[in-house]
Amino acid sequence: MISTEQPATRRDVLNYLLGTGALATLAAILYPIMRFMIPPRIVESSASSVVAAKVSELKPNAGKIFKFGNKPGILIQTPAGDYRAFSAVCTHLDCTVQYRPDEKLIWCACHNGRYDLTGKNISGPPPRPLEEFKVNARGDEIVVSRG
Amino acid sequence: MRAATRSWFRGGSGMNGRISKCGDWLEERLGWRAVQQVIDHKAVPQHRHTIWYYFGGMTLFLFVVQVCTGIMLLLYYRPSAENAFESVQFIMTEVQFGWLVRSIHSWSANLMIAAAFVHMFSTLFLRAFRRPRELTWVTGALLLFLSLAFGFSGYLLPWNKLAFFATKVGTDIAGVVPLIGPFLLRFLRGGDEVTGATLTRFFGFHVAILPACATALVSLHVYLVQKHGMSTPLSVDPEATPKMKFVPDFLLRDLVGWLAAITLLAVLAAIFPWELGEKADPFAPAPAGIKPEWYFVFMFQTLKYIPSKILGMDGEIIGILFFGLLGLLLLVTPFVSPSGRPRGRSWLPIIGILAIAYIIVLSTFAYRT
Amino acid sequence: MWQQLLLVMFIGQAPAPPAAAGDSCIKCHLEMGDALAAPIKLSAQDIHSQNGLTCTACHGGDPSRSAPEEAMNARQGFVGKPARKQIGLLCAKCHSRPDFMRKYNPQARVDQYSEYLTSVHGKKNQGGDQNAATCIDCHGAHGIRAPKDPNSPVYVTNVAATCGRCHSDAKLMSPYDIATNQQELYSKSVHGEALMKQRDLSAPTCNSCHGNHGATPPGVDAVANVCGQCHVTQWDLFNQSPHRKAFAENKWPACVTCHQNHEILRPTEAMIGGEEPATCVICHQEGSAGLRAAREMKQEIANLQARLTTADQVLERAQRAGMEVSGPIYQLAEGRNQLVLARVQVHRFDPATLKKTVSAGDVIAAASEQSGWKALQDLAYRRKGMAVSALILLGMIGLLLLKIRRLKN
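Residue numbers (my numbering), protein chains in the order written: chain A, 1 to 147; chain B, 1 to 369; chain C, 1 to 409.
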């Protein structure tokens, strides 16, 4: 009796282990698949267009720095109420520019470069104008995209 | 043990009884027991070359891995020049286990092609293409070319610098083919240059056209293998050699191999994640040392060694025609090699070994320089 | 002469080259060829000719007469080749008259001659020096082009070569005891490179600092004002610094003392510090407060640079390993901004103010580096996860092998 029991027990143990092992392996494969299919919370940030700000956020004669791809961009609302967006990378030595409401122009703190509200370099060392982006107001959002 | 297996098929008491009732229901509607019969009777010859039998199944398994991971990637990938790179970046960084799926897809592609080459060379050396298995070989050769096409089209999809230039060079070479070259180039590129149109087109090839062809060819290939059974090498007597049942013996061994493949893929994905590189810039100059994927490298290196002019003709064209001829020979191997039992030495294994040596040596040169 | 001028104007703009019937100047001089015909050939591009002013406008004479003694009669107003001392006056006859010039260019300045008289060139020229530059030496005599014409010798990219024609000529300049290497030094400078190689037309050239017609070296006390026209931030900071008083007392030129006047090179961290080749050691003695401050400032900037480099390296490692670190990389760029600002802040020569800028950069660099390490940790976590899964799978394979062995027996 005992001799027939032992092989049966070993066989059952092995089968049991195999069965559980198979289920575990299956679970280990299915779990990442399930997690993968569920969309992540962060919506993909496209490098070609981005929501820079909400309409309510930006007042006339004000500017905001936003992330555009890997580089900073600057969104301004001119005193007249137009939205304009440019690359915020100064064309002199790559510092990040800022909006000056007192002077109503874009200024670079590093070497005192100045750009007018069309992005043209008007004073100081910057050799070229700022790259301009397209701006569209979509409902409450201001969307900036590459031209 | 065998009794237990058989009882699973035939049904018994309790759980087994319930399964057999389902089986009956399906049998009435699908007639599936015929398939079950075939599988039940399938036997694999056992001899010292049996190990090579596993590579066909391995290639198929890796193909299935590609299909599954590919479908998963499809949920997030965007096939346009503006978005492709960023979408792959998104998969790699934000999607849960996205890095795993993508790295597995890239590594498995390489493993699958490697397995396909091993499978091809082993069937070549074992003369498995002999009558009546010529069509099995032909469909197999076509599948090999298809998998190279899969590799070439898929490589471009992340739209990074390396892929962009590799595609440019590859399609340039296609354009040198006599007569149809310029047409082929425009057909592949979707225009005169490699652009977003090329990307969209390659995406269409990679996820629709090539899979459709592959499904048809794989189905035909697998059906033919089942119809003719496993071929035995010339040195083995097909009647006398012992046979192993496909289910469960061979299948379990297959499973071991497949699990090992999954383990390898997981380890590769974690230790050597597939790089993404930099986004392609059509206006930037080509980086130094562009190389195609390893399975094209020996051809690429050969082209580099060919002199620019041979007997008045462009060296590149000669090279391409040479490889075209080789491909054709591969396709018609069953019809041009000696069949039946050879007396004395045959030239086929020598050619096979020379081919393998050539591939290895040329590839080594390419990676050393 | 003026009547002829008005006559020509009344008829209209004369095309170039003027070959009106009865213009004996052109006919005869062309026939004579070589040097005597050259002025006629140049007149096609000459701005005066293009505006209807012919030979007689400057030289006088009677172009309707063909005999030389009649055409070039001094008693009829022929001036011929003016003496060098007279050239300025000759040009000024038109160019100093606003009522005249505005007929051609309402924006034209009319003070060139009066400026010229204040210049070194002007003074020497009026003193009879034949070598001192006058109008025609820079602008040409015939074939004069407008300054905004790129082919003009006074177009912004050509100015240095034009000045250098005399000022780099050692033999010519030997009586004046001035250096002759300014053009060479300038061409090696940041300004020279910007203007000549990068074609940045806003870069300064000789006349930007020395003036055009009133060309004079700015003078020790004025030179910094010139630099400060463009380099405003540095100039402001310098004026708040202890160097301002010290330099003024010692009559040292502000910017030039450290940066030179012509060979202004791109400043690097090597310029500041307590050891050679820093410029600070030229004045500050060992053990002085100034040298201590210099060492401190150099250290602060070097530290920030080192931290930024480390952060960059960690992030690059993470990126190459496949981790997403574009956010921290973007932030690190802000840190680099601070480094640029710090380099400008040096001109305040105060370690305390410099420290504020440097600290801001330090914070950013530290945060970015931290993100990089976290990404690498995530990578390690993934690998551990993979190791665990691999073990489980290997276990499964082992079980299968056992099963196979079982079935074989």
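Treat each hint with caution, since some may be false.
[Said to hold, decoys possible] Some chain A residues flagged as far from chain B (calculated, every beta-carbon gap over 12 Å): (1) Ala22; (2) Met37; (3) Ser49; (4) Val89; (5) Ala109; (6) Asn136.
[Said to hold, decoys possible] Computed Cβ-Cβ distance ranges for the label pairs, DEER-style: (7) A:Ser48 to B:Leu74: 49 to 55 Å; (8) A:Thr78 to C:Tyr381: 44 to 50 Å; (9) B:Ile209 to C:Tyr381: 36 to 42 Å; (10) A:Arg128 to B:Pro285: 20 to 26 Å; (11) B:Asp237 to A:Arg10: 48 to 54 Å.
Calculated from the structure, these hints are not laboratory results. The beta-carbon is built from N, C-alpha and C at its ideal position, and this holds for glycine as well.
query = Going back to the hint list, which numbers does this structure go against?
reply = 1, 2, 3, 7 and 11
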